[in-house]
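S.K.: For reference, the chains in residue letters:
2 protein chains.
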Amino acid sequence: MEIYTNIPEDLKQVVLERIKPTVAERKNLIGIQEELATEVKAAAEKLGAHDVLVKMVGSAARGTWLSGTHDIDVFICFPEETLRKELETLGIAIAREVAKLAECVKDCHAEHPYLNIVFKGFDVDLVPCFSVLSASHIKSAVDRTPFHNDFVKARIKGFEDEVLLMKQFMRGCGVYGSELKTQGFSGYLTELLIIHYGSFENTAKKACFWKPGEIIDIMQHSRIQHQESLVMVDPTDPKRNVAAALSLDKFCIFIDYCREFLKNVEIKFFFPPCFLPLRDKEILQRLKNRKSALLAVFIKTPNIVEDILYPQLYKLEHSAAVLLMDYEFSVIKTGVWSGKNETLIMFELISGTLPNVKKHVGPPVWVKEHAEKFKEKYERTEEVFGGYIENGRYTFEIQRKYPVAKELLEKQLIHCSIGKNLRHSVNAGFKIIENADICTLKDPNFRVFLSKWL
Amino acid sequence: MEIYTNIPEDLKQVVLERIKPTVAERKNLIGIQEELATEVKAAAEKLGAHDVLVKMVGSAARGTWLSGTHDIDVFICFPEETLRKELETLGIAIAREVAKLAECVKDCHAEHPYLNIVFKGFDVDLVPCFSVLSASHIKSAVDRTPFHNDFVKARIKGFEDEVLLMKQFMRGCGVYGSELKTQGFSGYLTELLIIHYGSFENTAKKACFWKPGEIIDIMQHSRIQHQESLVMVDPTDPKRNVAAALSLDKFCIFIDYCREFLKNVEIKFFFPPCFLPLRDKEILQRLKNRKSALLAVFIKTPNIVEDILYPQLYKLEHSAAVLLMDYEFSVIKTGVWSGKNETLIMFELISGTLPNVKKHVGPPVWVKEHAEKFKEKYERTEEVFGGYIENGRYTFEIQRKYPVAKELLEKQLIHCSIGKNLRHSVNAGFKIIENADICTLKDPNFRVFLSKWL
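If you're matching them up, the sequences are chains A and B in order.
Going by numbering that gives the first Met the number 0, the final residue of the first sequence carries number 453, and the count climbs one at a time with no gaps.
Going by numbering that gives the first Met the number 0, the final residue of the second sequence carries number 453, and the count climbs one at a time with no gaps.
If we strip away everything but chain A, and leave its shape as in the complex, we get (with noise of 0.2 Å):
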């Protein structure tokens, strides 16, 4: 096993000196939190709920959010028994009446509706829930979250900067975070991998030698198997894996920058230099360089959440790349963008267009019935260049339906697997880009992708 150097004291002081919340900023946070329980209390005993409990939960709740960020969970909690339809009703009311002192609210929607809202300057979440018993007898998705709350409360005292650190890691990274968008560590998880492993610096160090399949299971209750990269047994939920929706390029990004970080120990890893966007002159120049074909299907920005939009979107991406090399496109690789206005999906492809012949290569001459139709069928057809035997297989040269990538997709797209907010978006017009077109484009945060993409 490689000994990796230690990380200095200093260089770990110089990093929490630019993340940890101050005393004041603490103090702010800590006073916002008092003040929005006393809030939902009252709502609550003014429309009647005398039997509700307000929880506090999320790194706010735990020390362990970093300074700058101003989240903060307030779960408005039911007695078990409580019908769905009630909490429903009761709870977004509740929340209702604190949102009258908001700055902004707004309707969001998860397995039960919650509202969103800014609360002097703070992104408050308010959560109806049911309290249950445990949290493998949950009745809703976010009926968990206190016993997290609960169950990392009791162990990470002592241990709050160690979870900064990793945090800011991450983010440097760019694995921090569980939405559907970007497939990394959420911060839960991030917490049990510092109960686990004691350290930031013990983390880095045995992630550096992680394998897919790789298992944490603090409580050792887990008795189901998992499929997914890394499996963090969920210490309050034996049949839950909290890492599953970290993708495996995730989990591998992760280990790699681990790796480097060890074996050159910089303060660059927690902050890392920006992209820059990059400039016509620069887009055209990377095209000249590269000489590929590349092609952006455009499409207006659908009007829902990310956690919905981006699978969508990877979806037609995946869907999109499968049509072009159906048609005998090399793609080189995908992306996808998506920005206020403007959503894109781009390919880079080895070439945009390809010959009108195409090899179509049939059965063996000698599975005769099988063969007989195959050359039928092709002999009559008029779009045909020639036929020919080769390694014993009737084979013949036919017209490409599509020899130019741009009019494959102009033409087929539709025909792709595309979810249901975003064919709304599709069906509402599309266009494809194509090469140095692409400077059409100006949105500086997509002249950043590009930077990083092309």
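If you are wondering where the hints come from, they were derived from the structure by calculation, not from laboratory data.
It does not matter which identical chain is meant; a pair holds if it fits inside one copy or across any two.
Within a straight-line C-alpha distance of at most 27 Å, the following computed BS3-like cross-link-like pairs (lysine-lysine) qualify:
1) 358 <-> 332
2) 11 <-> 267
3) 367 <-> 205
4) 290 <-> 332
5) 372 <-> 267
6) 210 <-> 376
7) 205 <-> 152
8) 374 <-> 451
9) 290 <-> 405
10) 405 <-> 314
11) 358 <-> 290
12) 374 <-> 262
13) 205 <-> 374
14) 372 <-> 451
15) 210 <-> 267
16) 280 <-> 430
17) 372 <-> 205
18) 372 <-> 262
19) 451 <-> 376
20) 400 <-> 332
21) 400 <-> 290
22) 290 <-> 410
23) 405 <-> 287
24) 262 <-> 376
25) 451 <-> 405
26) 358 <-> 280
27) 204 <-> 376
Following the hints, complete the assembly by docking chain B onto the known chain A.
M.R.: Only chain B this time, still in chain A's reference frame:
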């Protein structure tokens, strides 16, 4: 089993009228054979080789030769106990004595030296051989021929027309001839097929259902397994497959031809229309229609016999195609043509150029040592566009070494697997011709080849 229509008697007669030697032709041939036998015997006597026998073998001797062909095989048979050296010296001396009467003499070499002469307009091989006890005790490959002759002569009487029909049919199909250029059916193989199946018609009908691995063992004496498509166990030597030279494709082309013929019994299968040499305009039109890339390796035709030249050409054709594919060029098809002066190995490609960028996929990140070495290597390389992790594997976009197929062949063809004789020609210099430049080649035979190939 499909029922094919029978072949009308009058069709066979029409064909035979055109291919069966006339009485005068036959008489002339017999006369020439007798004359040659006398001359060889006299020469042998003159040189003191009193125990030499003269044998007429081949189709001329068996009455199965096609009108218009003028081939006579004269075997000069020495007693088995003759020393190899003596056979070679004395054999050639006898042949050379006979050759004094010839219009033209050529020194040839198979396992032994022999002479090919033109005698009164006939193409005559004068071949020294050993008289052995049986075909399984031969001392030299040619010793087998007299046994073949005896076997066929004893059984072919009355079936000569059937052999002629089959030979002409195979000619029309392009599968007649066992030389290494054609890799088709030898005359002996054709005769054995007729002996086995009883007629041209029955052979054609049975062939429709052939599969690779088809075994015909007239004497029921084979005890070994063969790998070839068609196994015709030599009736005179149980270990030998008479059809060993038949390629899979020629085997299949014949099957296909039989099916087509029996579906539609027409004389054109015996005398297919000639392909006309393509004119420049036609070449250009075809290239334009196909929109593929054409490349030809052009060398000076080496001064060697076809049986040596073609295997080396096919080997180079295959090896160069593998080279192109190794460098990611997609090969649609390949071809070989060799004329008196010019020899060409042709490649049709999806595209003659590829982008500069080449995707190079490495080991999975978790195969630590391996993966780290790979990453280190490419990170240090200057000619790298970028690197990322995809499907868990390190992936680098590197500078493609040969983005142009022509340059790849120019630089790397010499490292292909090239036979000794061809190597000479390649080393002496080759040229790569692209696309429309193929029109610089005016040889009408090449243009005929192109008409079929392109």
